[in-house]
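**Student:** Fit chain E to the given chain A structure using the hints.
So you can see what is in the structure, the chains are spelled out below.
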Amino acid sequence: MSKPDQAAKTNWTLLFMGWLLVSVSTTISLFFSSVLEYEPCVLCWYQRICLFPMVFILAAGLFPTFDKSVIKYALPLSIAGGLTAFYHTLLYAGIIPESIQPCSQGVSCTEKYFELFGFVSIPMLSFIAFSTLVALLLILKRRTSK
Amino acid sequence: MKYVFVGLTCAVLVLAFIGGSAYYKGLQNEKYGFMAEENAELFVRDHSPTLGSDDAKVFIVEFMDPACETCAVFAPYVKKIMAANPGRIKLVLRYAPFHDGADNFVKILEAARMQGKYWETLDVMFKTQGVWANHGHYQPEKLWDFIPMAGVDVEQIRKDMHSPAIAKIIEQDMADVKALNVQKTPGYFVNGKPLQTFGSKQLYQLIKSELDRQYPQ
Numbered sequence: 063m064s065k066p067d068q069a070a071k072t073n074w075t076l077l078f079m080g081w082l083l084v085s086v087s088t089t090i091s092l093f094f095s096s097v098l099e100y101e102p103c104v105l106c107w108y109q110r111i112c113l114f115p116m117v118f119i120l121a122a123g124l125f126p127t128f129d130k131s132v133i134k135y136a137l138p139l140s141i142a143g144g145l146t147a148f149y150h151t152l153l154y155a156g157i158i159p160e161s162i163q164p165c166s167q168g169v170s171c172t173e174k175y176f177e178l179f180g181f182v183s184i185p186m187l188s189f190i191a192f193s194t195l196v197a198l199l200l201i202l203k204r205r206t207s208k
Numbered sequence: 006m007k008y009v010f011v012g013l014t015c016a017v018l019v020l021a022f023i024g025g026s027a028y029y030k031g032l033q034n035e036k037y038g039f040m041a042e043e044n045a046e047l048f049v050r051d052h053s054p055t056l057g058s059d060d061a062k063v064f065i066v067e068f069m070d071p072a073c074e075t076c077a078v079f080a081p082y083v084k085k086i087m088a089a090n091p092g093r094i095k096l097v098l099r100y101a102p103f104h105d106g107a108d109n110f111v112k113i114l115e116a117a118r119m120q121g122k123y124w125e126t127l128d129v130m131f132k133t134q135g136v137w138a139n140h141g142h143y144q145p146e147k148l149w150d151f152i153p154m155a156g157v158d159v160e161q162i163r164k165d166m167h168s169p170a171i172a173k174i175i176e177q178d179m180a181d182v183k184a185l186n187v188q189k190t191p192g193y194f195v196n197g198k199p200l201q202t203f204g205s206k207q208l209y210q211l212i213k214s215e216l217d218r219q220y221p222q
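The listed protein sequences correspond, in order, to chains A and E.
The opening position of the first sequence corresponds to residue 63 in the working numbering, with each subsequent residue numbered one higher.
The opening position of the second sequence corresponds to residue 6 in the working numbering, with each subsequent residue numbered one higher.
Not one of these hints is a red herring.
Where chain E lies over chain A, by a calculated footprint (3+ residues, C-beta under 8 Å):
{"#": "1", "region": "79 to 91"}
{"#": "2", "region": "98 to 108"}
{"#": "3", "region": "119 to 129"}
If you're looking for bench data, these hints aren't it; they were derived computationally from the structure.
All C-beta atoms in this analysis are idealised placements derived from N, C-alpha and C, irrespective of residue type, glycine included.
The shape of chain A in the complex, shown without the other chains (with noise of 0.2 Å):
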């Protein structure tokens, strides 16, 4: 196999893991809203705004073969989303204090619904998701922008 073939093929696993990674959480997202029936507040909807529409963008830059624009039309979804998640993760801490958020109807963005291993929050969750994705597309524009 020759070099540019190898590359190629690098690229397109590489975006394949980010998809995997989106279509994994939006499969949780669901999962935790519409069976275990916890009520997304409003950071929530905004960081599922982000992660939703990314499933088929990505999904989009892997046929026919890897297409390069992907990487610009996913990353300001996955910046803000991840922007999101990381003010959304203070403010589940309390780092940030409660009374500044944004959310007044509905669900506070502070209800406990979910911690895995004790610590890892919804929040959390979602922003290790987006920050790895940033990480695999901002790889991935390094590794095309010869």
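**Tutor:** Just chain E, lined up with the frame of chain A:
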């Protein structure tokens, strides 16, 4: 090849979701079944208004709110199922006034009950709901115009609705709402089994399965 790979991944995720829901619902059924056996008063309190025969073996427990639109839509549907199975079904109403101000309507209803006009008043409330509770915009002053249709003494209701006994009923019901994890109205339990996916067809199937179990042909 790529298409198959990505397609298979999608299929795995969808299956995991479906499997996960089925597993979770199984767990919930078991949990509520246990609660219904061990802790029946969570579902039916002494103060709860009931409709239907005392000998009925199928208990429909409905957590409702007189200002909830879906509750109004479902009320005649449940009554129709009850009418089709005379003497076999008992309806128990519990209150879940989730929205701010919704408890006021429960208070009016309970005050009407003191005059023995509970079901009539509920009927009037459901029928005129579009006027006084249009899409969560509560206008209690408009409800007062309709209340006399139920044949009640309105002045007495205005006095009775603030009685501490009524406040206590709402408090107890809301505590049970929390214990049973009711998050939406109407929330149904049929012989302790929760309605897992919401819908009139699903509700009918749940009631039917309990009827078949309690009254084998």
